[in-house]
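Colleague: Residues per chain are reported as follows:
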Amino acid sequence: MSSKVEVYQTQEVKENLPLALWWRQTFAIFRTEAKKNIFNRRVFLLYWLALCPAMLLSLFCFLPVPEKSLSNVNFFNIVFAQVYEALTLRITIFFGCSWLFINLFRGELVDKSLHYYFLTPVRREIIVLGKYLAGLLTSMFLFVSGTAISLFMIYIPRGYKAGIQHFFDGPGLNNALAYLGISALACVGYGAVCLLLGTTFRNPTIPTVFFFGWEQINFLLPPILKKLSVIYYLQSLTPIRLPVGPYAIIAEPASAWIAIPGMFFLTLLVLFLACLQVRKLEINYGND
Amino acid sequence: MIVFENVSKFYGEILGVNKINLSISRGITSLVGPNGSGKTTIMNLMCGLLQPTQGSISVLGIRPNQPEKLFRKLGYCAQFDSFPRGITGRNFIQSYLEISGYSLSEATNLTNKALERVNLVEAADRKVDSYSKGMRQRIRLAQSIAHNPEVLILDEPLNGLDPMARAEVIALFQQLSNQGLYLILSSHILHEVDMMSDRVILIHNGYIVADGAVEGVRNEMQEHPLQIFIRCDRPSLLAAKVFQQDDVVEARLHKDRQGLFVRTVDANKFYSSFNKTVLEEKLKIESIYPVDDDLSAVYQYLIGSEGS
Numbered sequence: 001m002s003s004k005v006e007v008y009q010t011q012e013v014k015e016n017l018p019l020a021l022w023w024r025q026t027f028a029i030f031r032t033e034a035k036k037n038i039f040n041r042r043v044f045l046l047y048w049l050a051l052c053p054a055m056l057l058s059l060f061c062f063l064p065v066p067e068k069s070l071s072n073v074n075f076f077n078i079v080f081a082q083v084y085e086a087l088t089l090r091i092t093i094f095f096g097c098s099w100l101f102i103n104l105f106r107g108e109l110v111d112k113s114l115h116y117y118f119l120t121p122v123r124r125e126i127i128v129l130g131k132y133l134a135g136l137l138t139s140m141f142l143f144v145s146g147t148a149i150s151l152f153m154i155y156i157p158r159g160y161k162a163g164i165q166h167f168f169d170g171p172g173l174n175n176a177l178a179y180l181g182i183s184a185l186a187c188v189g190y191g192a193v194c195l196l197l198g199t200t201f202r203n204p205t206i207p208t209v210f211f212f213g214w215e216q217i218n219f220l221l222p223p224i225l226k227k228l229s230v231i232y233y234l235q236s237l238t239p240i241r242l243p244v245g246p247y248a249i250i251a252e253p254a255s256a257w258i259a260i261p262g263m264f265f266l267t268l269l270v271l272f273l274a275c276l277q278v279r280k281l282e283i284n285y286g287n288d
Numbered sequence: 001m002i003v004f005e006n007v008s009k010f011y012g013e014i015l016g017v018n019k020i021n022l023s024i025s026r027g028i029t030s031l032v033g034p035n036g037s038g039k040t041t042i043m044n045l046m047c048g049l050l051q052p053t054q055g056s057i058s059v060l061g062i063r064p065n066q067p068e069k070l071f072r073k074l075g076y077c078a079q080f081d082s083f084p085r086g087i088t089g090r091n092f093i094q095s096y097l098e099i100s101g102y103s104l105s106e107a108t109n110l111t112n113k114a115l116e117r118v119n120l121v122e123a124a125d126r127k128v129d130s131y132s133k134g135m136r137q138r139i140r141l142a143q144s145i146a147h148n149p150e151v152l153i154l155d156e157p158l159n160g161l162d163p164m165a166r167a168e169v170i171a172l173f174q175q176l177s178n179q180g181l182y183l184i185l186s187s188h189i190l191h192e193v194d195m196m197s198d199r200v201i202l203i204h205n206g207y208i209v210a211d212g213a214v215e216g217v218r219n220e221m222q223e224h225p226l227q228i229f230i231r232c233d234r235p236s237l238l239a240a241k242v243f244q245q246d247d248v249v250e251a252r253l254h255k256d257r258q259g260l261f262v263r264t265v266d267a268n269k270f271y272s273s274f275n276k277t278v279l280e281e282k283l284k285i286e287s288i289y290p291v292d293d294d295l296s297a298v299y300q301y302l303i304g305s306e307g308s
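If you read the protein sequences in the order shown, they are chains A and B. According to my numbering, the first sequence is numbered sequentially starting from 1. According to my numbering, the second sequence is numbered sequentially starting from 1.
Hints listed in this document are in silico derivations from the structure and should not be mistaken for laboratory results. Don't take every hint at face value.
If you anchor each label on the Cβ, the simulated ranges turn out as follows [to be verified]: (1) B:69 to A:249: 39 to 45 Å; (2) A:269 to B:127: 37 to 43 Å; (3) A:19 to B:104: 15 to 21 Å; (4) B:104 to A:249: 52 to 58 Å; (5) A:223 to B:10: 43 to 49 Å; (6) B:81 to A:27: 46 to 52 Å; (7) A:265 to B:23: 44 to 50 Å; (8) A:59 to B:81: 57 to 63 Å; (9) A:261 to B:10: 43 to 49 Å; (10) A:227 to B:81: 43 to 49 Å; (11) A:212 to B:287: 57 to 63 Å; (12) B:212 to A:265: 57 to 63 Å.
Predicted model only: the values in this text are computed from it and were never measured. Cβ coordinates follow ideal geometry from the N, Cα and C atoms, glycine included.
Whenever a hint applies, use it, and build me the whole structure from the sequences.
Modeller: Rendered as structure tokens:
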């Protein structure tokens, strides 16, 4: 231990505008959390999860496909749309975001390290924002890339003319960008809800299963309740509409002008609730 | 001034602390009590990690629910021996300084100073997972003092430290106290803190049972020797050596003959002589810690004399 006595004054952070300080704090939290998320050994499972749809679609490289279908772009469009909605959106992104965003707070409570954040001169809302943005970066990196690889896997490897033409001379590129955007938006929405679950419930498994069920039975819900789900807005944006089944209650899909701001509004509302939860959050590891 | 006004905290139906009224001024104040008495609850309430069920708290005029103001002036070394995964000692301090809003150069500078103060410069770039318990304790201490707070709260800061590190940490606390800091620390061992404290607050079952200058408490302690358990490679030799010390009233081997119980009326004198003996005889010390039983006896004594 150093034996010399130094006189230290309590050092104030020289800052005139709190906005600038908040931005710096948010960025520092974002950087710390993003590093933790992307290079965490446990996140490798998420890498695999993100690649699942691409691996499934890569079977098209090896499985025999009727010559007729090869020249029929619609066949591939429909296959991709089905895999995207059933697997990528509802399973991969949902569970990936659940794991990632729930653990932003719950994981640190389990590791007993959250108190270090709460002992810094940072508003708890800033901690929520920084962590959320870091989760968003990680999930977008994983799942938007995963979607891009899936698109590549279904349209490109065989190099068939129709596919290439569809992509570069037809609506393929716009569709692809729409799917990438939907994946990003899914991370925004699912991320916010899962963050709220992680800050509200000591054991978020049951509420997550309930949320999963709510998203799955969305097609059975009356139109007003459909709007209280993430999947409603995401499905409204898909470039290819799939049949929803005989028991579905049909609702008018939201236009992009409503779906995208609606999604962001829902996200902001949920993040606001998460901030309220985190402000009330007590560090009592013995009970967590 | 740190002020508690009629503060109670309940965990559901379980009492944490009840009707605490306190005013803490500059200098070293020790909260002493057995495990579960409410020391950590009081400290966590002061830092806003817990919210009071009733009553109000202010630290230098700041409410604990204003972390953005409070933690510019307050540092807290909590008891939890846990760290973010895979972090090095240096990053542990620096990253939280950056999160606090310090620039990279300011954070680097403050980190280096804090590491120097706890003598961990050489181990700073190792992962905290590889640190000994004493080093982990010191890196947490460094993290809590890195931003030069005016109020420093330390929950069981001497836990896990060997006698040498313990002496160094106590010296550091005294330096900080001399600089005019508010230093609040907790311990379940009264002997451990009585020499350095200006004021001792004894807590039992969520209530303050004694509060005052340390002299009065210390006088009472002389009649209640502290029992220390030491596990080492040659306990018989150590027993013979320590028994020659004036302050030792009993030295008894443990039944497994791998350790020994020592009862001393002056813990500081004992530790000082003990260090010399260890060095002279080249003893390998596996562990050393005070045994709680004596504290219970002291509590019974104090509760009997000062309580109701």
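Colleague: For the pair residue 81 of chain B and residue 27 of chain A, does the Cβ-Cβ distance stay inside 46 to 52 Å?
Modeller: Violated, at about 30 Å.
Colleague: Just tell me: holds or violated, for the beta carbon distance of residue 19 of chain A and residue 104 of chain B against 15 to 21 Å?
Modeller: 20 Å, holds
Colleague: Is the gap between the beta carbons of residue 104 of chain B and residue 249 of chain A within 52 to 58 Å?
Modeller: Distance hint for residue 104 of chain B, residue 249 of chain A holds at roughly 56 Å.
Colleague: Does the hinted range 37 to 43 Å hold for residue 269 of chain A and residue 127 of chain B at CB?
Modeller: Check passed, 40 Å falls within 37 to 43 Å.
Colleague: Look at the Cβ atoms of residue 261 of chain A and residue 10 of chain B and judge whether their distance stays inside 43 to 49 Å.
Modeller: 44 Å, holds
Colleague: Is it true that the C-beta distance of residue 212 of chain A to residue 287 of chain B lies inside 57 to 63 Å, as the hint says?
Modeller: Check failed, 49 Å falls outside 57 to 63 Å.
Colleague: Can you let me know if the beta-carbon spacing of residue 227 of chain A and residue 81 of chain B is within 43 to 49 Å?
Modeller: Because 48 Å falls inside the window, the suggested range holds.
Colleague: Within 57 to 63 Å: is that where the Cβ-Cβ distance between residue 59 of chain A and residue 81 of chain B falls?
Modeller: 49 Å, violated
Colleague: Between residue 265 of chain A and residue 23 of chain B, does the beta-carbon spacing fit 44 to 50 Å?
Modeller: Between residue 265 of chain A and residue 23 of chain B, where Cβ atoms are some 48 Å apart, the hint holds.
Colleague: Taking 57 to 63 Å as the hint, is the beta-carbon distance of residue 212 of chain B and residue 265 of chain A inside that range?
Modeller: 59 Å, holds
Colleague: Regarding residue 223 of chain A and residue 10 of chain B, is the given constraint of 43 to 49 Å on their beta-carbon distance met?
Modeller: 46 Å, holds
Colleague: Taking 39 to 45 Å as the hint, is the beta-carbon distance of residue 69 of chain B and residue 249 of chain A inside that range?
Modeller: Hint violated: Cβ distance 52 Å, outside 39 to 45 Å.
Hint violations for this structure: numbers 1, 6, 8 and 11, all remaining hints satisfied.
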